[in-house]
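The residues making up each chain are set out below.
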Amino acid sequence: MTTIDTTDTNDMPPQDPNAVSITINGRTVSARKGDFIIAAADSIDEYIPRFCYHPRMSSVGMCRQCMVEVEGPRGPMMVVSCMTPVADGQIVRTDTPQVKRAQEGMIELLLANHPLDCPVCDKGGECPLQDQAFSHGAGESRFVEEKRHFEKPIPISDLVFLDRERCILCDRCTRFADEVAGDPLISFTQRGNNTQVMTFPDEPFASYFSGNTVQICPVGALTASPYRFKARPWDLEQRESTCTTCSVGCRTVVQSSRDELLRYQGVDSDPVNWGWLCDKGRFNFQSTNSDDRLSTPQIKSGDSFVASSWSDALDSVARVIRHSREGSVAILGGARGTNEDAFMWGALADAAGITMRDANLDDGLPASIFSYPQATIDSACAGGTVILLAPDIKEELPVLYLRLRDAVQKKRIRLIEISSHETGLTKYAWKSIRAESGTAAAAVPGLLAQADVSAQLASGPVVVVTGRPNLAESASHTMDALSGVLAVAPSASVLPVLRRGNVRGALSLGLAPLNGNDAATILEASAKGDVDCLILLGADPLSDVADVDLARRGIAGAKFIVAIDTFLTDSASHADVVLPAAAYGEKDGTTMNLEGRVTSVVQKITPHGTSRADWMIAVELLTLLGHESNFTTLSDIQRAMSAAVPGFGSTTTAVAIKRDGVVVSVTQRSPESAATSVAPPRNSYEFRLDLSRKLFDRAIGTITSPSLANLAAEANIFIHPLDLDRVGAAEGTNVRVSNSHSSIVLPVRGSFSIPRGTAWVPFNQIGADVRELVRRNESIIDVRIESM
Amino acid sequence: MARLTEENIRHSREIIGRYPKARSATIPLLHLAQEQDGYVTNEAMAHIAELVGASPAEVFGTASFYEMFKFEPIGKYLINICGTMSCALLGAEELMHHAEERLGIKMGSTTADGKFTLERVECQAACTEAPCLQVNYRYRYRVTPDHLDTLIADLSAETLVSEIPSHGIVASIRQHIPADRGVGAVAPELVTENPVWLDGKAAL
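Chains as they are written, first to last, in this note's numbering: chain A, 1 to 788; chain B, 1 to 204.
If we strip away everything but chain B, and leave its shape as in the complex, we get (with noise of 0.2 Å):
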């Protein structure tokens, strides 16, 4: 429960520094936020609202648009198994099945202990690797249930550490573009000429 902490205070500058304008940033500080906490937190909405200069009900509106920003705390990581048409074709209902028993909780839910949170989700662009699941947006391909278990075992026991960081973190390195390397930033309504690939024509 918190707001964005100094450094991502300080790379939250850097990242709206990108943008022409400061609300284009409002998804990647989301992300960063989610980084931070497992879950994107009220407390950060509104700091993020502070900083792109929205109101907080307009970073709320945003985040809700997508599945892949959480308001609750969930697990540390979240298995989502496919259940669209290759991957049912191909046993996903055994699977998610056999993830709820081995886990004791339902689809949809979080463990106990905070660990494991399991989510039914649509295709995943995996079919030809059916049937496919993701931890932390991390690609496991013809999973069977006794692949499953050895996973489940292997986040566990926190061997995978290197390879699926907990939840929120979507890379492992962090993006940096110097002031100097950067595109620059240009607003819209600076932009008076036409683009040159219309040749002198009307954009019209």
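So that you can see chain A by itself, here it is in the shape it has in the complex (with noise of 0.2 Å):
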């Protein structure tokens, strides 16, 4: 495991070469060659007013507020510190006369086209610009002229509107959108006076991370739907927290007011996020406000469900568990909750000599992952090589895109990429190669052997950076070319890219498989009649199961069902006792991210309705199983979790004051030789399915978030261009996918993307399921598409 290097950079040893003293306002400050003054005055927090710069950006200088006065040859002279590099012995005042007035200047002047409507204003009250014309304005402005005057607001995508009126120009948008996201979709357009930010002519702002212009907007000129005319900043109260939406781990503050979540902002942590955030994360707090949230225990009577109070419900899952055959109640899920939750549930399942328990829904990979020596987000973009055996990350784990994205821009790391399609870091890849599903550990050995790979492999440690690229796959697919990259480069480490909020977390503290009953085996035991009380934790096999008949079997064969969720999920539908669950800013707790950091996870909001967190249920059952328990309160369990699982040690309550986390090992178990599958050659008739998500789909948290329900896709098959001619299709129309186990109508499309002979089509989208092809026993899946 690599330790985590938080030494401040300020703190550099004396004889460092790059070290660099200067004096700001007669105090001397250590920074280093090559940091800007702002950032050198920021380190002793000598506050120089500022717009445009961004610590995690590059420096534009584009508004001038940050003017400060520097001692040069011939007197003291202006300067721009957020351009102006540290020089040994520079002397620098921020406080003089001179300062004040041009920094009043540039107030007057970017106020002088602003429309001041700060009372209707949502960036009012936490407004850079607001707070910079009391801090350092002059207090009155002597232009009388007319204004500029724009249309507001535009909706420049469905989730951010501009307000050009407002907007100073400070590049800060179209510079994240550029240099940090990668998707230039809005600029500067028009000059002077009419300089103005702009999307292409009907070609919105659509980028997975558009929010974050919001958040860094220096005035209100980008606002985002969910938010508008919600709260005034001074209304909100807020806890720092991690994002659970994914397993990045992003910091946030959840933000509420009147009990009621209504915004996540993105927190600064260095190793991890550096403030940014999908939209996904960042609104999908819609879900836990929505009306369509489980408030009550619910046991179904006939075909219906009937109300109940807690003690009825969780009796009656009690006297089931009771009854259940030996070895015959199974746990699905845990993913979503907090390390106590699945502590906790873990030590019922223990108690309770529950032994079928899996967080993964047959999408992720052998826990064996985590037994590889372990690369964290830090380490795999500081250098060398990094491998990519996984999911489109761009879709999956945004903000870990980012990530990878920079160490490649700033020439940090090489990726390479063994893929079956083209994916969002492909254009960033050195060498990208498409391997067809099945065939990238055949793959591996030719690439890497290939002597520049083999040079640039042997330059610096090597990250392999592994998930599951294809839900229609065998998992041994992967771990089969993971091995091979291993076989080649011995000391690379692996960075896991499981996707769940909490998957690493569940599954080091209790609900990982034993003795390979995964969820597959599970349903199949259930399928059979064998599973007598089916535990849903969170879990919606119905929607999450690749292979949706074996999801349907199992959950038709379970004799009894305890769904404990949020939602009234498709699964959940199907059980007999319905448990509402708090959702994420309701209960306390840590998380695990997909590196093993733990982080602290908050309540900011009342849970809804009766709802409790997974915890609290676990410990409930576990009285009522006739068990001891001395637990009711969160550090209780923290404290047995401290004890009980080796490497977490003392570190849950030390994650509870640091905003960056500690990176625990778990899970230390020997690989497991797993079974090597071979794919059968595909058929020349044939398109091989390629099965993955993107970031917005049917997923209960995006659809329950009224700004984000509309972002999933309708469903469509993607082929190659030349293969639409070859199947004799035009685009968008309707194709029929079959294999022997079904026959689905799809719409079709070309794409370059995709390489020949691979159909690939977007998880759980709006339209036809192509689960209904998908059969987990074999390790690929063939379909024969045809025009109607």
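Each hint should be verified, as a subset may be incorrect.
DSS-like mimics (lysine-lysine), calculated; alpha carbons at most 27 Å apart, straight line [stated by the list, open to error]: (1) A/K411 - B/K21; (2) A/K427 - A/K152; (3) A/K152 - B/K70; (4) A/K410 - A/K427; (5) A/K33 - B/K201; (6) A/K411 - A/K33; (7) B/K21 - A/K410; (8) A/K427 - B/K21; (9) B/K21 - A/K431.
In short, the hints are calculated from the structure, not lab data.
Combine both chains into one complex, guided by the hints.
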């Protein structure tokens, strides 16, 4: 495991050749060569006003607000502190009358065209322009002329509105879109007094990261539809937390007013998200507030549910567990909860002898992935080579995409990608090869044996980013490919990229499959009638298991189903007892990201209805099943967790106060020798199915967030344009997709991102469900496509 | 309303080849697009973005900086009448009024037949020859209302085609630089040595 370097860059030892000593307002500051004056001033809390400067983006000197005085050979001179690098012996003053005059002048000019509609502006109260006009402005303006007028506001995407009158042209949003997100869909247009930020006509700012521009806008020019006119900043209360939408674990603040979640904002955690969030993570707070949330326990009576009390519902669950045959109770899920939830359910399972459990839903990798030497996001991005044996990182783990993209752009790392279709990272890859599903392992040795690739691998550390690239392909193909990479680069470390929020925590803390009894085995057993009680801990197999036939048979075969969830999902509606679970933002605890980094998640609002945290339900059941339980509070569990789980130690209490969390190493089993699978050759009349996720799909947290619900696309099947001709279908027309299992009808699209012979279908979109064609006992799925 | 034609795509590739970075060719390609359609269409901008590896928004951002790129159909002949100091003092206003009356349109608009567009512009750097105007950026000096009438009549009769091609055509001779005659495109990051005139001194 790599240790995280948390050394403050300002505490460099004096002999560092890059150390530079400068004086700011009489105080000596040690900085590093290449730092800008404004950053050096920030490090000693000498605040220099600014609008365009952002520490995570390049300096552009756009707003001219950060003027300071630097002692020069001909006396003091005014410089822009965000563009002027430090130099040894430099003497900087930020508080002279001349500096003040310059800053007041800039504010006056910035306000010359600013509408000053602060009373009706969402930014009012937390607006850098408003704040700095008070702290660094003259207080009045000499301008009496008519201000510039624009239509306001105009939508530039489904989520973001632009008010050009308020814009001060700081270049933060456009720079973010270009430099950080790599989606330069907004740009300065026109010139001079008419300059404005704009998209291309009819091409919206449809970036997965658009919400960040709203957060970094220093005025109220960019606003996000989910928050517009919902609250004033001074009405918001906030607590710092960690996003658990995916497993990157971005640091956030959770803001609420009147016990309703209203906004998440990114927080800069240096080893993880650098302040950025994806739009899905930023705006899915709406699902927590949804009216469709489950609010009371419900017991199935006939075909419908009847609301019940918690004690009745838990009693009936306990009774069923007690009367179940030995080894016939199963727990699926747990990746949605906190570490404490997972630990308690693991403890309950141990106490009650529940051996069937899995936090993955047949869409992950074997838990042995955690037994390889583990990389962190920082170590992957620090230098050397990153090999991607992973799904499209931009679609599944968007902020990890930002970090990897940044490392490539700054020329720190080289990416080698082996994938079955082009991904968001393909254009940043040094080498990117297309290997049809099932053939990645076969492609690895040849690729890594190339002379330039060997030289690259030998030149520095190697990190293998490993995930499940294709849900219609057996995980063993990925594990085989990983073994192939490790055979060539034995010192490589692995960054496992399992997608679900706390899946690593759940797998590490007691919800990992025992004796190979993974989700698929459990569902198979259930289908055979061997499961008397199936507990769905925030799991929805009917929507998430790629082999939907298996999921259906498993759900149908279970004698009794308990669903613990926030919504009545497809699977939960088949349950006999439904228990409402507290959602993100409604419970305290800790979570573990894909690196194994433990950080805190916090409760900000009261749980919806009578819903409870998963761990509370486990504790109740433990007692009802007649086991001794000393758990009444979260800290009881954390104490037990620290004692019981090797590697967890005292970190649980430490993370509560640490923004960057602590990387722990919990699972250290030796790698299983997984059965290797050889993909049969593809019949040339058929297409190999590639089933993988897009960021926005019909996941419950997305469809119950009104602003995200319409971002999921219609289901389509994508093939190479030449294959389109071969099939004889026109773009957008319906084709029949079939194999021996089933047949469905989907619109077909041509795309050069898809190699010939592959058919890519995004997972879980609106329309016909391609999972009908997937059977998990086939390691790859081939389909026939016919025009209709 | 069109993307670049096959011939223009070929020419685009030659233009792009002159620069170390493809996106440096954005402005020459915008001229090519304007030459093709008389104005810069959205489709052409999206096409240029593909060719130079930029986003359409970036191409539009660059293009919209410049007055000479038009984003809506304009007349075959764009008449720019200077209204800055020397011309203003020597009868530019009168000339503009006359042009408006003669063509029956306001400054800034286009005749119904799509033949003429009138624009009031700032100094065209011909102050010694005031009042001056340009038709599709070809000068006319010391213009009187009578001259203007004759000019419009000639343009209508298409007798000046050889001198004044339709709007968008910047030069009537197309530049071709054979590959072996060019200086060769060298990307800035490939230049590792200081220029000779620095004479061995540090660059900063």
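Right, here's what the structure says about each hint:
1. A/K411 - B/K21: holds (18 Å)
2. A/K427 - A/K152: Violated, at about 36 Å.
3. A/K152 - B/K70: Distance ~25 Å between A/K152 and B/K70 Cα, so the pair holds.
4. A/K410 - A/K427: Status holds; Cα separation ~15 Å.
5. A/K33 - B/K201: holds (21 Å)
6. A/K411 - A/K33: Holds, at about 19 Å.
7. B/K21 - A/K410: holds (18 Å)
8. A/K427 - B/K21: holds (17 Å)
9. B/K21 - A/K431: holds (21 Å)
Checked against the numbered hints given earlier, the structure breaks only hint 2 and satisfies all the rest.
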